[in-house]
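J.: Following the hints, put chain B in place on chain A, whose structure we already have.
In order, the protein sequence lines correspond to chains A and B. Under the working numbering, think of the first position of the first sequence as 1, with each following residue one higher. Under the working numbering, think of the first position of the second sequence as 1, with each following residue one higher.
Because the hints were derived from the structure by calculation, they are not lab data. Quick reminder that beta carbons are idealized off the backbone N, C-alpha and C, glycines included. It is possible that part of the hints are untrue.
[Unchecked claim] List time: in silico DSS-like cross-link candidates among lysine-lysine, alpha-carbon distance up to 30 Å:
1. A:Lys-36 x B:Lys-231
2. A:Lys-32 x B:Lys-231
3. B:Lys-239 x A:Lys-32
4. B:Lys-239 x B:Lys-229
5. B:Lys-239 x A:Lys-57
6. A:Lys-36 x B:Lys-229
7. B:Lys-231 x A:Lys-94
8. A:Lys-57 x B:Lys-231
[As the list claims (entries may be wrong)] Okay, the calculated beta carbon distance ranges per label pair:
9. B:Ala-40 x A:Met-118: 29 to 37 Å
10. B:Ser-243 x A:Gln-82: 28 to 36 Å
11. A:Arg-84 x B:Val-290: 44 to 52 Å
12. B:Ala-64 x A:Gly-121: 18 to 26 Å
13. A:Ser-111 x B:Pro-113: 35 to 43 Å
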Amino acid sequence: MKKSLTILTSLVLSASFSASAIGDESGDAATKAAIKARQAQMQLYAFNIGLLGGMAKGEIEYNADAASKAAANLAALSRLDQSRSWPMGSDNAKMGAETTAALPAIWAEGSDIMSKGMALGEAAAAMEQAAGGGLDALRGAIGPLGNSCGGCHKSYRQSDD
Amino acid sequence: MRRAIRYLVLLGVLAAIVMWWLTAPARVDRAVFADLTGDAARGERVFWVSGCASCHAAPKAEGAERLILSGGMAFPSPFGTFYAPNISSDPQYGIGNWTVVQLADAMVHGTSPEGAHYYPAFPYTSYGRAMPGDIADIHAFLQTLPASDQASLAHDVGFPFNIRRGLGVWKLLFPAPSRVIDVAGDPASQGQYLVEGLGHCGECHTPRGALGQLDYSQWMAGAPAPDGKGKVPALTPDKLTWSDRDVTAYLSTGFTPEYDSAGGHMADVVQNLAHLPESDLQAITAYLRVLPVNN
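This is chain A alone, in the form it adopts within the complex (with noise of 0.2 Å):
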């Protein structure tokens, strides 16, 4: 138990410290790292919101399998740790609209950030529940989740069309 608990203890050292070094060493990278990372995350919302909106604008035929497997990925998505994916720095002042579209907003004082991810993942979760039931329950669903991603796009991305 005592040896485990040193390996643990020494693990956690050396990656806090070659955690710093990567900061100082190439900090940049690091973010840069990051800010893939969310975006491939919102690429896979995209990817599997793109086939339950599909549904519901009815150019796609419904089909409740691949609609509950969709709305599933969905959910597990917004339930995954992002608190790597967001470091401070990581927005579009410092690192260039190029990079990133994320306002410095998110980590200001009074940002609410949190509970309006939260309200995605509820969107999600409510999505998961409806889509399997029937066209008519995914398109009741479909609403409030896209009204739960613009909820953070509203505040907190650069809005340039």
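T.: Coordinates of chain B only, in the frame set by chain A:
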């Protein structure tokens, strides 16, 4: 000579009187509203089309909080910063004691109950196209919303734009046409009413001139964002090339055809439009399809 000067002075005084009279805040015809009884249930739809909550809810309000119209949101512009006032049902701090015609004066002519001009940050240039029945209905609905005792903030506008009477000249110079384009048949006509009137889409999607007046020759041709950051996209058929189905779905979900989602102020608009029946959204789409393309 002395006679000529006297004439000139007289002419000047007359011109000033005429100008004062011409720039007086206008009011609606009381008779039109005399027999109207507002219906709060119908008014809810008018409320969401009109997007009142987008500006008059407290900054960052979500869900049911968006129905507390306490005001406070800031609107930076080249003329200064405007603050949305409290329009909650509170009789002292809000507009709880306003009558239907007082609300109609405000929405149609931009005239306050005290007879002052409102700044066109409040989009009476569009709301002026609202039907009297819809104004009575939204009045009834606003009465059902919670009261807030948050005092309205004064606008931060510099000289000469802080002289309210000057807005009378502005209104005189730039009258809003009752219809912007010619549209025949439904659902496009229904969409015209929603887009040009209550929805006041043109207020952001149409460029403005030096004095903040809408450039109707560039109707819905896209514009710089009012706060100077970014652009508001064009909605004319040459630029908005999404399918009808995609546009209608976007209006209620905010999802683009690629399943990106609406951001900025449009995310707010979508939150409002999500409350509307699909037929209204299809009508809006139909209207956008017949917009003239100006190059």
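J.: Can the restraint linking B:Lys-239 and A:Lys-57 be considered satisfied, given a maximum Cα separation of 30 Å?
T.: Between B:Lys-239 and A:Lys-57 the Cα gap is close to 22 Å, so the pair holds against 30 Å.
J.: Has the hinted range 29 to 37 Å been met by the Cβ atoms of B:Ala-40 and A:Met-118?
T.: Since B:Ala-40 and A:Met-118 have Cβ atoms about 32 Å apart, the given range 29 to 37 Å holds.
J.: CB of B:Ser-243 to CB of A:Gln-82, is that within 28 to 36 Å?
T.: Since the Cβ atoms of B:Ser-243 and A:Gln-82 sit about 34 Å apart, the hinted range of 28 to 36 Å holds.
J.: Are the Cα atoms of B:Lys-231 and A:Lys-94 separated by 30 Å or less?
T.: 21 Å, holds
J.: Please work out if A:Lys-36 and B:Lys-229 have their alpha carbons no farther apart than 30 Å.
T.: Given pair A:Lys-36, B:Lys-229 holds - Cα atoms ~25 Å apart, limit 30 Å.
J.: Are the Cα positions of B:Lys-239 and B:Lys-229 separated by 30 Å at most?
T.: 21 Å, holds
J.: For a C-alpha distance cap of 30 Å, please report whether A:Lys-32 and B:Lys-231 respect it.
T.: 26 Å, holds
J.: If you draw a straight line from the CA of A:Lys-57 to the CA of B:Lys-231, is it 30 Å or shorter?
T.: 28 Å, holds
J.: With a cut-off of 30 Å on the C-alpha distance, tell me whether A:Lys-36 and B:Lys-231 pass.
T.: 25 Å, holds
J.: Is the gap between the beta carbons of A:Arg-84 and B:Val-290 within 44 to 52 Å?
T.: 50 Å, holds
J.: Given the hint that B:Lys-239 pairs with A:Lys-32, does the C-alpha gap stay at or below 30 Å?
T.: 33 Å, violated
J.: Could you say whether the range 35 to 43 Å given as a hint is met by the Cβ separation of A:Ser-111 and B:Pro-113?
T.: With Cβ atoms ~39 Å apart, the hint holds.
Of the numbered hints given earlier, the model fails hint 3 alone.
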